[in-house]
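Please construct the entire structure, taking both the sequences and the accompanying hints into account.
First to last, the protein sequences are chains S and P. FYI, in my numbering the residues of the first sequence are 35 to 326. FYI, in my numbering the residues of the second sequence are 112 to 345.
Honestly, the hints are just simulated from the structure, not real lab data. Model, not experiment: these values are computed from the prediction. Even glycine gets a Cβ: it sits at the ideal position worked out from N, Cα and C. Check before you lean on any hint, since a few could be wrong.
[Said to hold, decoys possible] Per label pair, the in silico range of CB-to-CB distance:
#, chain 1, residue 1, chain 2, residue 2, range
1, S, Ser159, P, His239, 39 to 47 Å
2, P, Leu187, S, Asp198, 17 to 25 Å
3, P, Glu336, S, Leu199, 25 to 33 Å
[As the list claims (entries may be wrong)] The following residues of chain S were derived to be distant from chain P, with all beta-carbon distances above 10 Å:
#, residue
4, Leu126
5, Val212
6, Val304
[Claimed, not checked] Part of the chain P face toward chain S, derived, beta carbon under 7 Å:
#, residue
7, Leu179
8, Ala185
9, Arg186
10, Gly188
11, His191
12, Gly195
13, Leu210
14, Trp214
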Amino acid sequence: MQRFVVLTLNGLTEGSIYAAMALALVMIWRATQVVNFAQGAMAMFTTYLALFSLENGAPYWLAFVIALGCGFALGAVVERVLVRPVENKPPLNVVILTLGVLLVLEALAPMLFGGQIRSFPAAFSIVGLRLGSLQVPFSGFDLFTLVSVLVVMGLLLLLFQRTDLGLRMRAAAFNPEVSRLLGIRVGRMLTLGWALASVVGALAGLLIAPSLLLYPTYMDQVLVFGFTGAILGGLDSPPGAVVGGLVMGFALSYVGGYLGSDLETVGALVILIAVLMVRPRGLLAWRAQRVV
Amino acid sequence: MLEIVDLTVAYGPVVALERVSFTVAEGSITSVLGANGAGKTTLVRTISGLVRPRSGSIRFNQKEISRLAPEVIARLGIGHVPEGRGVLAEMTVEENLRLGGLWRDQNDRRASLAEAYELFRPLAERRHLPAFTLSGGERQMLSIARALSARPRVLLLDEPSLGLASLVLTRIMARIKELVRERKLTVVLIEQNARSALSVADDAVVLSLGRVVAHDQARRLASEEGLRHAYLGF
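In structure tokens form, the structure reads like this:
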């Protein structure tokens, strides 16, 4: 029983990071119908920038903000400079392009920051919290991870549901032509969508770095798990991405804990195949097929 | 208000509009008529900037707009109700309407929202439902209501009768005529049904294979039997 609690709490924390990654992928998918395979590499790169800032004397929170800010800029640049020119080309072009960005970033990182495995500090203690005399397997940093992912999701929800800017971003993603007829600068909205998604990705990178350690490919498996979570949720539903990410967190934690950690990746693959066979439109595909 | 001079549009080697010229006066309704493929939709898509002309000019209030981006043209005050798929199906009715009034101040926006719901009752009942739950006619209403909430100075209507019950269409056209009288709204109306279009329009332009074959007052065109038989089918 105690083991189950530990695995569940662990699944919750990791799941919230996969959820953030899935959310970033879904935001970009909705904005531009692109699966951004470079999302993990972009987050890896911004986390290296945070580490670089730390090593040059920046306080933790400044480095944190620098990473998020660079995530914003990186997302905007990738969309505007690289993705925009292939927008109306066959979809395979942009898939190759994001894979290219992934390779370039993963090659660039060791050149700039060195290829060895580095440790990355956590903002809060990673020792389990104490409730009275009981020590729970859930640390201050785990709590911070969970809360910051929830806060970011809440802010995005507010942006998209309550503000004009969010309304314009959604409209631009759903129907560029009609949006332009309503006076919306669609290109700018799509760039902003990529930028915000990359901030969410960068956050995931920062939050998982203390437990995975930092090396140029450390985000690859997070991308795979996040992507699986996004598919679970149906790829175009932000709440679905969050649920899918959490499901992945729990499932992988149980697989790793009860069957052995070597099987985690295999577990992800099994889940992915099972969902694609049984509910190809995602677990949350309860919504009526829309009629156009 | 809207001056179109020698406008030529081509899709690759296919010429869709050839040296089209006509003027639309402020506070009037001009109907653009013609068979399928005559170039009616291309014409309004070119005015709103979705299609780039090969040559010629479009002036709105003496300002050349034919090379501007659609979002810039929209903000100048040219509203376009596209044929058929104009609503954002994934968004609610109210969100669609809010998108119409994006560039206006809060009070104004509230007023036009209220006005839209008064004019189109079915939309008020479904305000929080996604637009894909609406019938074809209701979507058309939403598309028109959204364009009106932007308070455009020129309104381009592409086949508004599509899917609308004739009673609803009559009410919409009555409201549009009111706006034409009260606020000097200028309307370019594309219609397949020439008879009903000629009954509401002041002027009419008849297109055939991308060329203007007639441009006159609507009631005079309606009385020209040869033209009616040749191009308008009644």
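Cross-check of the supplied hints:
no.: 1; hint: Ser159/S x His239/P: 39 to 47 Å; in the structure: holds, 46 Å
no.: 2; hint: Leu187/P x Asp198/S: 17 to 25 Å; in the structure: holds, 20 Å
no.: 3; hint: Glu336/P x Leu199/S: 25 to 33 Å; in the structure: violated, 56 Å
no.: 4; hint: Leu126; in the structure: holds, 24 Å
no.: 5; hint: Val212; in the structure: violated, 6 Å
no.: 6; hint: Val304; in the structure: holds, 32 Å
no.: 7; hint: Leu179; in the structure: violated, 11 Å
no.: 8; hint: Ala185; in the structure: holds, 4 Å
no.: 9; hint: Arg186; in the structure: holds, 4 Å
no.: 10; hint: Gly188; in the structure: violated, 10 Å
no.: 11; hint: His191; in the structure: holds, 5 Å
no.: 12; hint: Gly195; in the structure: violated, 10 Å
no.: 13; hint: Leu210; in the structure: holds, 5 Å
no.: 14; hint: Trp214; in the structure: holds, 6 Å
The structure is inconsistent with the numbered hints 3, 5, 7, 10, 12, although it conforms to all the rest.
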